[in-house]
Amino acid sequence: DAKTTQPPSMDCAEGRAANLPCNHSTISGNEYVYWYRQIHSQGPQYIIHGLKNNETNEMASLIITEDRKSSTLILPHATLRDTAVYYCIVRLGNTGTASKLTFGTGTRLQVTL
Amino acid sequence: DGGITQSPKYLFRKEGQNVTLSCEQNLNHDAMYWYRQDPGQGLRLIYYSQIVNDFQKGDIAEGYSVSREKKESFPLTVTSAQKNPTAFYLCASRGTGGISGANVLTFGAGSRLTVL
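Sequences listed follow chains A and B, in order.
Each step along the first sequence adds one to the number in my numbering, with nothing skipped, and position 84 is 84.
Numbers in my numbering are just positions in the second sequence, counted from 1, shifted up by 1000.
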């Protein structure tokens, strides 16, 4: 699996856009980028994923660079409830047999008033 | 509502005792996973299972055991051989959802184990 690199922490003012970067320079052509978040003492929650096109859903937008070596998760109007650890992982879409999905340490986003 | 139920939410255990954490899902997912999380750390994979009666070791399987006798259930036993069992344990299952959705995990709320 391609390795990902994320900043350990970020701050964002409530109501502003939170832009969380992820580097995955060794990503292969058929690997997807997935984002999850974990609010304190809860299980992680899936947010969004993409291959090469930008994606948007009700939670966030995912911008993947043209060379696919990095991506940015955008929370357009951050609220205090978005304070969490955000994980970026890269993985093949079709994993076939059971696969080891590993999570790094992610980015701790603190949304402030 | 479909989801994953982990129990108990909090568990205390004396050293030398085995303890079993329950994980049940009604999502009809084939694959299930157990992760361990220590304070300020990411998730580390303990065991995973693709199908009933089959499971594989993850990165930190020593001191743990699992079974997969039913599709809905994937219990984790923390044995006395696990040297530092105090941690937050998370169970997850994986849907298919087409090729791109094959890695979308649904997590339970977690079980926090403390060894006294």
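Don't read these hints as lab results, they were simulated from the structure.
Model, not experiment: these values are computed from the prediction.
For each residue, glycine too, the CB sits at the ideal point set by N, CA and C.
Accuracy of the hints is not assured; some may be wrong.
[As the list claims (entries may be wrong)] Derived Cβ-Cβ restraints for the label pairs, each shown as a range:
(1) 16(A) with 1007(B): 38 to 44 Å
(2) 1053(B) with 80(A): 41 to 47 Å
(3) 1026(B) with 69(A): 23 to 29 Å
(4) 1073(B) with 112(A): 25 to 31 Å
(5) 3(A) with 1062(B): 31 to 37 Å
(6) 41(A) with 1060(B): 43 to 49 Å
[Said to hold, decoys possible] In silico DSBU-like cross-links for lysine-lysine, where the CA-CA straight-line distance does not exceed 35 Å:
(7) 52(A) with 1083(B)
(8) 1057(B) with 52(A)
(9) 3(A) with 1009(B)
(10) 1083(B) with 3(A)
(11) 1083(B) with 1070(B)
(12) 3(A) with 1071(B)
(13) 1057(B) with 69(A)
(14) 1014(B) with 3(A)
(15) 1014(B) with 1083(B)
(16) 52(A) with 1009(B)
Hints and how they fare:
1. 16(A) with 1007(B): 38 to 44 Å: 39 Å, holds
2. 1053(B) with 80(A): 41 to 47 Å: Holds, at about 45 Å.
3. 1026(B) with 69(A): 23 to 29 Å: Between residue 1026(B) and residue 69(A), where Cβ atoms are some 39 Å apart, the hint is violated.
4. 1073(B) with 112(A): 25 to 31 Å: 42 Å, violated
5. 3(A) with 1062(B): 31 to 37 Å: Between residue 3(A) and residue 1062(B), where Cβ atoms are some 24 Å apart, the hint is violated.
6. 41(A) with 1060(B): 43 to 49 Å: 21 Å, violated
7. 52(A) with 1083(B): 43 Å, violated
8. 1057(B) with 52(A): 32 Å, holds
9. 3(A) with 1009(B): Status holds; Cα separation ~32 Å.
10. 1083(B) with 3(A): 29 Å, holds
11. 1083(B) with 1070(B): Holds, because 29 Å separates the two Cα atoms, which is no more than 35 Å.
12. 3(A) with 1071(B): Holds, at roughly 31 Å.
13. 1057(B) with 69(A): The hint holds at about 30 Å.
14. 1014(B) with 3(A): 38 Å, violated
15. 1014(B) with 1083(B): 12 Å, holds
16. 52(A) with 1009(B): Roughly 39 Å separates the two Cα atoms, so the pair is violated.
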